[in-house]
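A.B. asks: Given chain A, work out where chain B should sit, using these hints.
Chains A and B, in that order, give the protein sequences. Its first residue numbered 1, the first sequence is counted upward by one per residue in my numbering. Its first residue numbered 1, the second sequence is counted upward by one per residue in my numbering.
Keep in mind that the hints were calculated from the coordinates and are not lab data. There may be inaccurate statements among the hints.
No farther apart than 16 angstroms at their CA atoms in a straight line, the calculated lysine to aspartate or glutamate pairs in the EDC-like style are these [to be verified]:
| hint | chain 1 | residue 1 | chain 2 | residue 2 |
| --- | --- | --- | --- | --- |
| 1 | A | 57 | A | 75 |
| 2 | A | 97 | A | 51 |
| 3 | B | 51 | A | 101 |
| 4 | B | 102 | A | 42 |
| 5 | A | 13 | A | 82 |
| 6 | A | 13 | A | 85 |
Some chain A residues well away from chain B (every beta-carbon gap over 10 angstroms; in silico) [claimed, not checked]:
| hint | residue |
| --- | --- |
| 7 | 8 |
| 8 | 14 |
| 9 | 17 |
| 10 | 19 |
| 11 | 52 |
| 12 | 54 |
| 13 | 71 |
| 14 | 72 |
| 15 | 75 |
| 16 | 77 |
| 17 | 82 |
| 18 | 86 |
| 19 | 87 |
Positions of the beta carbon are idealized from the N, C-alpha and C atoms, including for glycine.
Residue-level listing of the chains:
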Amino acid sequence: AAGVIQSPRHLIKEKRETATLKCYPIPRHDTVYWYQQGPGQDPQFLISFYEKMQSDKGSIPDRFSAQQFSDYHSELNMSSLELGDSALYFCASSLGKNTGELFFGEGSRLTVL
Amino acid sequence: GQQLNQSPQSMFIQEGEDVSMNCTSSSIFNTWLWYKQDPGEGPVLLIALYKAGELTSNGRLTAQFGITRKDSFLNISASIPSDVGIYFCAGQPGNTPLVFGKGTRLSVIA
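Just chain A, same shape as in the assembly:
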């Protein structure tokens, strides 16, 4: 069965650069979530989209933005990168908004030097 696809899997950037992460949800899933996980930490909710509209907003910095496109894929744009942005970024999808059963991608590891 198709899973959530994230790209790139690994990304290395310098401070103050920008980065874009992509997420392709499970087919027919209408809700996408972005989570950030620091080393040894639990996943922290950043933002979610339902039917291409922003649904909920968590601890997403103002330097970050995201959107969901007509084909339901989502992109997380990160600007003015800081060392503290180094983390695993997970995308998850679900059928229905906040239905509980989230299916996660394998994550994108961002390293900021």
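C.D. replies: Coordinates of chain B only, in the frame set by chain A:
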């Protein structure tokens, strides 16, 4: 934001032993879920619970949604080496995104 207290933080057990971990919240949750995460991978859903008192099994895993709706536990019976990983509880206090506990790191000694 919502806080989930998950314990223990880590466990070292012998292969074949049973494992128990739990999660508590100061507020009522409508949904409890348990995920497992392997290093460098995304969390994988193990069990989802939707009703207070619900007891659900998935192979050697059993989880329960507490009657008070403020807690949940996960049991793993007859542990095997591939059970190694980090187990996260997650919950929804309402129509809101999942919040995660801090995780329980499980190590299995063969």
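A.B. asks: Could you check the structure against the hints above and give me the numbers of any it violates, in ascending order?
C.D. replies: none
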